[in-house]
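**Student:** If you're matching them up, the sequences are chains E and C in order.
So the first sequence is residues 1 to 198, counted in this note's numbering.
So the second sequence is residues 199 to 358, counted in this note's numbering.
Bear in mind the hints are in silico, worked out from the structure with no lab data behind them.
Think of the CB as a built atom: it goes at the ideal place given N, C-alpha and C, for glycine as much as any other residue.
Mixed in with the good hints there might be a few duds.
[Said to hold, decoys possible] A few chain C residues that don't get close to chain E, going by computed Cβ distances all over 10 angstroms:
| hint | residue |
| --- | --- |
| 1 | A215 |
| 2 | K234 |
| 3 | A235 |
| 4 | K246 |
| 5 | D267 |
| 6 | V271 |
| 7 | T278 |
| 8 | C284 |
| 9 | E288 |
| 10 | L302 |
| 11 | G323 |
[Stated by the list, open to error] Sample of chain C residues with no beta-carbon within 12 angstroms of chain E, all distances over it, derived:
| hint | residue |
| --- | --- |
| 12 | M199 |
| 13 | A202 |
| 14 | R218 |
| 15 | D275 |
| 16 | V281 |
| 17 | P290 |
| 18 | G318 |
| 19 | T322 |
| 20 | A333 |
| 21 | P340 |
[Stated by the list, open to error] Computed beta-carbon distance windows for the label pairs:
| hint | chain 1 | residue 1 | chain 2 | residue 2 | range |
| --- | --- | --- | --- | --- | --- |
| 22 | C | D228 | E | K124 | 25 to 35 angstroms |
| 23 | C | G227 | E | K124 | 20 to 30 angstroms |
| 24 | E | R36 | C | P325 | 51 to 61 angstroms |
| 25 | C | L341 | E | E105 | 40 to 50 angstroms |
| 26 | C | T320 | E | Y125 | 40 to 50 angstroms |
| 27 | C | G338 | E | T75 | 46 to 56 angstroms |
| 28 | C | P290 | E | A152 | 46 to 56 angstroms |
| 29 | C | P290 | E | G145 | 18 to 28 angstroms |
| 30 | C | E236 | E | K61 | 53 to 63 angstroms |
| 31 | E | T26 | C | W308 | 57 to 67 angstroms |
| 32 | E | D101 | C | E236 | 49 to 59 angstroms |
| 33 | C | T320 | E | D63 | 45 to 55 angstroms |
| 34 | C | G338 | E | F31 | 53 to 63 angstroms |
| 35 | C | G353 | E | R166 | 28 to 38 angstroms |
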Amino acid sequence: MPPTAPPVNPANQNQDLLTKDTILLTTVEDFVNWCRRSSVWPLTFGLACCAIEMMAVGATKFDIDRFGSGPFRGTPRQADLMIVAGTVTHKMAPRVKRLYDQMAEPKYVIAMGACTIGGGPYWKYGYHVVKGVDLVIPVDVHVVGCPPRPEALLEGVFKIQDLMKREKLLDRLRTYHKRETYKGAGNAAMPAPGTPGR
Amino acid sequence: MTRAEAHAAILAKFPDAIVRDGREGKEAGDPYLVVKAERLHDVVKWMKEDPGMRFEVLQCLSGVDYGKDLASVYHLDSWTNKVTVCLRVELPREKPEVASITDLYGAADWHEREAYDLLGITYTGHPKLVRILCAEDWVGYPLRKDYVFPKEYHGIKNDL
Ligand code: SF4
Numbered sequence: 001m002p003p004t005a006p007p008v009n010p011a012n013q014n015q016d017l018l019t020k021d022t023i024l025l026t027t028v029e030d031f032v033n034w035c036r037r038s039s040v041w042p043l044t045f046g047l048a049c050c051a052i053e054m055m056a057v058g059a060t061k062f063d064i065d066r067f068g069s070g071p072f073r074g075t076p077r078q079a080d081l082m083i084v085a086g087t088v089t090h091k092m093a094p095r096v097k098r099l100y101d102q103m104a105e106p107k108y109v110i111a112m113g114a115c116t117i118g119g120g121p122y123w124k125y126g127y128h129v130v131k132g133v134d135l136v137i138p139v140d141v142h143v144v145g146c147p148p149r150p151e152a153l154l155e156g157v158f159k160i161q162d163l164m165k166r167e168k169l170l171d172r173l174r175t176y177h178k179r180e181t182y183k184g185a186g187n188a189a190m191p192a193p194g195t196p197g198r
Numbered sequence: 199m200t201r202a203e204a205h206a207a208i209l210a211k212f213p214d215a216i217v218r219d220g221r222e223g224k225e226a227g228d229p230y231l232v233v234k235a236e237r238l239h240d241v242v243k244w245m246k247e248d249p250g251m252r253f254e255v256l257q258c259l260s261g262v263d264y265g266k267d268l269a270s271v272y273h274l275d276s277w278t279n280k281v282t283v284c285l286r287v288e289l290p291r292e293k294p295e296v297a298s299i300t301d302l303y304g305a306a307d308w309h310e311r312e313a314y315d316l317l318g319i320t321y322t323g324h325p326k327l328v329r330i331l332c333a334e335d336w337v338g339y340p341l342r343k344d345y346v347f348p349k350e351y352h353g354i355k356n357d358l
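Next comes chain E alone, as it looks inside the complex (with noise of 0.2 angstroms):
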């Protein structure tokens, strides 16, 4: 005998239409976050030994695409994690704050090895070394290690992730007030173009 379809029973049409991958029921909120963090666009931004971990991560072997953070991108206006990866100077210090005020809200940041987390290596005779990228930008993820490993990075991907999960859309103010505490720091005048030397 065919095997015939179970007959529908009419009371129930409508919560079928439920069931059929038709409709999903959600919060805007969730879908939000899930959307954000389903695409979580790192920029492109490598500053020492770590950035080539960072290569790793974006390449074949570890995939960061898997995860939908695969396009770095080549400005910060498009990106919304900055993945500091490596030795910070104090000359680069005030162009790694300018990149980060270019980007766009809501924007993440992940301190990537020793060095970004604290000076690493260089915490005690590096006079150029800022002693960790939070004294000049608001880190949200730290991955220690040096280099960390691939993996490590991933795994802190993941938990960028998890913050978008949690993010609440009318709680944004939080992270601003966070952001304004470090105006101060790492707001060197960069020299005006045409200056020697620059």
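Given chain E, work out where chain C with the ligand should sit, using these hints.
**Tutor:** Chain C with the ligand in isolation, oriented as in the chain E frame:
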């Protein structure tokens, strides 16, 4: 040509310009000649242009802080004669000044800027002697032994 022969040739040509021959001391490392700062340019020019010497390559130009004095150290190579010679100019800490050799070797340009940046050695006649690694408004010369770390730089704390 051996290094000793090269040294002998330089000593014969410039008996008054060489302060001492580094091989005579007990110091380890490469043999070197210590040259008077005001004669350095002449010596290097002759070494480069003399057909018997032909030191075509400036291998390295470094600034050194020996604790008491600063020094500018030149490693010159002759590919023709297959020999390397090391010259050293000792400079007083208060006024370290020596003639630039950028007119002879283009490679000296950035090396001299680096020695200026990190040790404060002034190379007179350099076309553009400005800092090359540190920020333009950096204070002091970081590789000097008596350098004091800045407490902060543009609002970023440096002593934690
Ligand atoms: S943490 Fe280690 S690997 Fe990373 S930039 Fe610093 S020195 Fe290089």
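**Student:** Does the no-contact call for T322/C survive, Cβ to all of chain E over 12 angstroms?
**Tutor:** 17 angstroms, holds
**Student:** Determine whether the non-interface label on A202/C survives the test: each CB of chain E must be over 12 angstroms from its CB.
**Tutor:** Nearest chain E Cβ is 39 angstroms from A202/C, so the label holds.
**Student:** Within 20 to 30 angstroms or not, the Cβ separation of G227/C and K124/E?
**Tutor:** Distance hint for G227/C, K124/E holds at roughly 28 angstroms.
**Student:** Please test the hint of 28 to 38 angstroms on the beta carbon pair from G353/C and R166/E.
**Tutor:** 32 angstroms, holds
**Student:** Can the suggested window of 25 to 35 angstroms be confirmed for the beta-carbon pair D228/C and K124/E?
**Tutor:** 31 angstroms, holds
**Student:** For E236/C and K61/E, compare the CB-CB distance with the range 53 to 63 angstroms and indicate the outcome.
**Tutor:** 60 angstroms, holds
**Student:** Beyond 10 angstroms on every Cβ pair: is that true for A215/C relative to chain E?
**Tutor:** 33 angstroms, holds
**Student:** Report holds if the minimum CB distance from C284/C to chain E is greater than 10 angstroms, and violated otherwise.
**Tutor:** Given that every Cβ of chain E is farther than 10 angstroms from that of C284/C, nearest at about 28 angstroms, it holds.
**Student:** Using the C-beta atoms of L341/C and E105/E, is the stated range 40 to 50 angstroms upheld?
**Tutor:** Check passed, 42 angstroms falls within 40 to 50 angstroms.
**Student:** K234/C clear of chain E by more than 10 angstroms, beta carbon to beta carbon?
**Tutor:** 30 angstroms, holds
**Student:** Would you say the C-beta atoms of R36/E and P325/C sit inside 51 to 61 angstroms of each other?
**Tutor:** 52 angstroms, holds
**Student:** Take a quick look at G318/C and tell me if its Cβ sits farther than 12 angstroms from every Cβ on chain E, holds or violated.
**Tutor:** 14 angstroms, holds
When held up to the earlier numbered hints, the structure conflicts with 20, 21, 26, 27, 29 and fits the remainder.
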